[in-house]
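Protein sequence lines correspond, in order, to chains W and U.
Read in the working numbering, the first sequence has 206 at position 206, and its numbers run on one by one without any break.
Read in the working numbering, the second sequence has 166 at position 166, and its numbers run on one by one without any break.
Don't read these hints as lab results, they were simulated from the structure.
One or more hints might be untrue.
Unchecked claim - Derived DEER-like restraints, expressed as beta-carbon distance ranges: (1) W:N109 x U:R170: 20 to 28 Å; (2) U:S640 x W:A19: 53 to 61 Å; (3) U:R170 x W:E13: 53 to 61 Å; (4) U:S55 x W:G188: 55 to 63 Å; (5) U:E53 x W:M84: 41 to 49 Å; (6) U:M114 x W:Q22: 52 to 60 Å; (7) U:P99 x W:R88: 51 to 59 Å; (8) W:E13 x U:P65: 47 to 55 Å; (9) U:S40 x W:T83: 23 to 31 Å; (10) U:S121 x W:Y82: 27 to 35 Å; (11) W:R88 x U:E68: 51 to 59 Å; (12) U:E53 x W:Q22: 50 to 58 Å; (13) U:G105 x W:M84: 40 to 48 Å.
What the hints assert, rightly or not - To spell it out: a stretch of chain U is covered by chain W in this simulated footprint if at least three of its residues, at any positions, have a beta carbon under 8 Å from a beta carbon of chain W; those stretches are: (14) 160-174; (15) 177-185.
Glycine is no exception: its CB is placed at the ideal position from the N, C-alpha and C atoms.
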Amino acid sequence: MSGPSKKAPAGPESFAFSAENQARIEALVAKYPEGRQASAVLPLLDLAQRECGGWLPRAAMDHVAELLSMAPIRVYEVATFYTMFNLRPVGAHFVQVCTTTPCWLCGSNEVVRAVRETLGIGPGETTEDGKFTVTEVECLGACVNAPMIQINDDYYEDLDFDRTKKLLEALQRGETPTPGSQTGRRYGAPQSGPKTLLATASGKGKA
Amino acid sequence: MPKMMINGQEVEVEAGITVLQACEQVGIEIPRFCYHERLSIAGNCRMCLVEMERSPKPVASCAMPVAEGMVIHTNTPMVEKARKGVMEFLLINHPLDCPICDQGGECDLQDQAMTYGFDRSRFAENKRAVEDKELGPLVKTIMTRCIHCTRCIRFAEEIAGVSVLGATGRGEHMEIDTYVEQTVNTEVSGNLVDLCPVGALTSKPYAFTARSWELRKTESIDVLDAVGSAIRVDSRDREVMRVLPRLNEDVNEEWINDKTRHACDGLRRQRLDQPYIRRKGKLEPASWNEAFAAIAAKLKGLSGERIAAIAGDLADCESMLALKDLMAGLGSPHLDCRQNGAAVDPGQPASYRFNTTIAGIEAADACLLIGTNPRWEAALVNTRLRKRHRMGGFQVAAIGPAIDLTYPVENLGDSPKVLEALVAGRHPFAEALKKASQPMLILGEGALAREDGPAILGLAHKLAEATGMVGEKWNGFNVLALAASRVGGLDLGFAPAKGGRDVSAILEGAGKGEIEAVYLLGADEIDMGRLGKAFVIYQGHHGDAGANRADVILPGATYTEKSATYVNLEGRVQRTNLAVFPPGDAREDWAILRALSAVLDKQLPYDSLTQLRERLAGANPVFATEDVVEGAPWGKFGGSGAVKDAPFVYPIANFYMTDPISRVSPTMAACTEAFVLPARGKTGTDG
C-alpha cells in the first residue's frame, strides 16, 4: 500500500505516452461508450506505470486524467486504491513476497529471510543501487506452488531459503532465471509425481 | 404509487423515492450520516439500516428504492442491534475528544451515539490517526475525526463544481484528501462545514470561539449580495459570532456563500459608534444634537435644487423611504440608489428584477449571460445554474471575458456587438434561444453601468422579445442586481424625481458646485474625489470611503442590528431581525432620519416602525407582501442607439470584498490572499 501522498516524490514534470502506447490507448478507450471514457482508467494507468519504470509519477496520472477528461483527483483515488500501482519509484526488480497464510505455512518466513540476507533490505525498502525493491504482498493466487515471489510480471514458485537466494543472486548477476516452479515441477502438478488418471493415457497403469 | 407497510402502517408513496424518504414522510426518523437530500446517494455509512421482510439482512434504507408490497420495520430488535453495531464500528476510529471539538453540541455523531449507540466500546486497540489537510482559510480539518461519509466530496463535486476532494487509499488507510496540496477554491466552501456530520471539517475563523448552546439564534436575511439568502445570526452578548444558512427553497436552498457566512467578523471592526463633525478638516466626536445642529445649519435655507442623496448598497427600504420623504420635504429631486449608475428603468420593475426567479432557473432550457459573472455577483444564482446544468439539456452561452463558472459555457465573445448580432439573428445562438421552449437571459449590472448601458438594456429587451423569452407564464428576462438595496430602492422610487439628477449627474454637480450638500446613506462605492466642495453627510455603520470624506457622520446600524426590509433581486420582500444592538451611540437608520427631520422642521409623519411600514406598503403594494415574488408586468424599456465595441468588464474585482463590512473583515482578507491574489499573479504587498 502506498503511504501518504504528501511524501510521494514529485517525479518528472511532464509525461506523454509513446506512439505505440497511444495506439493501444485509442483501442482501449474505444471499448467504452461515448462519455464513459473514464472506464479505461485502469488499463491506462497500467500502461503509464510500465512506461515510467514501474511507478506512477503525478505527471502521468494528470496526463491520464486529461486524456479521459476526468478530474485529476478521481485518478488519484483509483491509483491510491489499487495496491498494484506504485506511487513512488521502485527498483528494476520489484520483488513481491507473498506472506499470506498458505505461503506462510509453507515457509514464506524463510523466503523473507533469504531476501533480507541476499539483498540486505527488508519489505518496503529499495537497494542502494536501485536495482531491487522488496515488498510484502497479500495472496497472489499461486497457493498451490507456495511459497512464491512475484518479480515484475513473473512468478517464481516452490521456493525455500536456498532457492530464493539462488534466484536473487542470478538476478544480481544480470541473468534471467526461468519463471515458474523452481523445483522443476510442471505447473501445479503434485510434487511427488502423478496420482490420478494413471491408466488412461497408455492403457497400462497401476490402477 | 407503490403501497407499502412501514411499522405496521400502510402507506402509499411516490414511486422512485427511497425507503428512508418514505419513512420520513410518515414521520419516522431514520438515523443517517452519509445520506443528504441534495447530494447523490452514497450508502456507505450504514447507519440507516432497517429491516425489510423477506430480506435475510438489514437493508440500507437510503439506497433502497420503494417497491409495491414492501414491508419495513424500523423498531425491531434487529434494527436496534444493527444500529448499535454500526455505531460501534464508526466510533472505533473516532477520537473521544468531544470536549475540545468545535462540533460538540451540534454534532450528528454525538447525538446519534447518544440515541442509538452502545454505552461502551469493545475496541481496546490503538485508534488510527490521520494527518490534517490544508483546505484554505475557511475550513479547518481534524481528519482523525472523519467517518468517511463522503458528503464533502459529493458537495464539492456536485454543488460547488470543484472536483478537488477525493477519497484516497482504501480500507483502514482511506482518507479524505486533495492528494496534491491545494485549497478548495469555491465561493460556497463554508457549506462543507455544515455538511460534515462530525467535527472533521469545522469553521476556521470560528474555531474555539463559542459553544452552540451559548448562542442566541436570530433568523434573518443576508444583505451582502442581492440574493437575500436566509440566514441565522448566532450571537453572544453583543457580538455576532457566526452566520449560518436557513432553509429557503426558493432562494438559497440550504447553502450560503462564504462572504455571507464569514464576513460577520467585519461587523465589529471600524464601526462608527458616535456622531462626528469635521472641524478644521478633522473629524471630531460629537453628540447627536451637535451633529444634527451642524446639518441643520447647512441645510436650512439651502434650496432643494442644491441638495442630493445617494443610497448605498446595504441601505434598507425603511431608511431609503424616510430619506426619500425627507428629500421631498427639502424640495430636492436629486436622489438615486444606483451607485454604479446601472441604466435600468426605475419605472419598470421588469427592467431591474430577476423575473425568472431563482427557483425558476430550474425550468429554463437555454440561458444567455450578458456581461455578468454570476459566480461572484450572486454565488447562489450560480449554484442554481449549475444545478440546472446537472439536470441535463441546458445550454448556456456568455458574452463577456471567458471565466470558469463551474459548468460548461459557450463563450460568444466579449463585445456588446455580439448582442447586436444576436438581436439581428445573425448569430447561431439566436437560433438556439428561439428553439428553446423557456429561454432566459441574465443581464449583469456591469453591462448596464457602461456609457452605452441604456442601449444594451434596449438590445436585451429586443432579444428577449425576438426569441420568445417573455410569455404569459414565463419571463426569461433577468437583470442580476448587485446590491441588496437596489431592487428595494427602485421599488419605492428612490430614483431621480422629475428634473432630478442620477448618481453621475449628482457627482458632476457636486464637483461644479451646483450641488452643495450630499446625503450619503451608506454610500461608499462612489468616487469620493468627485464630490468637490460639497457638504457631505454620511449615515452608515463603517468607517469606509464615505465616512472618510464626510463632514458630518451619523452612526447607523448594520443588517444584524436592526429589523429592516430588503428586497432581493427577484423582487422578494424579506426582513432582517435585530440580533444584537448597535454599538455605542449608533441607532437604527430610519430613526436617525426621523430625528433629523424634526430638527430640519420637515418632520416625517411616522413615529414607529409599524407606521413606517404602512407608509412603505402605501408607496408600493409590494411591501405589503413577504417572501413572495409577484411577476412584474412586461413593458417597453431601454434605450436605442449604437453600442460600443469595448469588451464587457465584470463589475466585481474581488468577490470577498465588495462592501464596507467585508472590506474590514480579516477572514475576507485572508480569502483574498488565498484565492483572489494568486489568480491575479500578485502578492498582497503589490498594492
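Hints versus structure:
Separated by about 27 Å at the C-beta atoms, W:N109 and U:R170 satisfy the suggested range of 20 to 28 Å. Take U:S640 and W:A19: their Cβ atoms lie about 59 Å apart, and the range 53 to 61 Å holds. Distance hint check: the CB atoms of U:R170 and W:E13 are about 29 Å apart, inconsistent with the given range 53 to 61 Å. Remark: the range hint 55 to 63 Å for U:S55 to W:G188 is contradicted by a beta-carbon distance near 40 Å.
Checked against the given bound of 41 to 49 Å, the beta carbons of U:E53 and W:M84, roughly 42 Å apart, stay inside it. As the Cβ distance of U:M114 to W:Q22 is approximately 58 Å, the hint placing it in 52 to 60 Å holds. A C-beta distance of roughly 39 Å is found between U:P99 and W:R88, which places it outside the suggested range of 51 to 59 Å. Range check, W:E13 to U:P65: about 48 Å between beta-carbon atoms, so the 47 to 55 Å window is met.
Against the hinted window of 23 to 31 Å, the Cβ-Cβ separation of U:S40 and W:T83 comes to about 27 Å, which satisfies the hint. The hinted window of 27 to 35 Å between U:S121 and W:Y82 holds, with their beta carbons roughly 32 Å apart. Here the CB-CB span from W:R88 to U:E68 is close to 54 Å, well matched to the stated 51 to 59 Å. A beta carbon spacing of about 55 Å between U:E53 and W:Q22 agrees with the range 50 to 58 Å that was offered as a hint.
In this structure, U:G105 and W:M84 meet the distance hint of 40 to 48 Å, their C-beta atoms being roughly 45 Å apart. For the region 160-174 of chain U, the stated coverage by chain W holds: 9 residues have a C-beta nearer than 8 Å to a C-beta of that chain, and at least 3 were required. With 5 residues having a beta carbon nearer than 8 Å to a beta carbon of chain W, the region 177-185 of chain U meets the requirement of three or more and the stated coverage holds.
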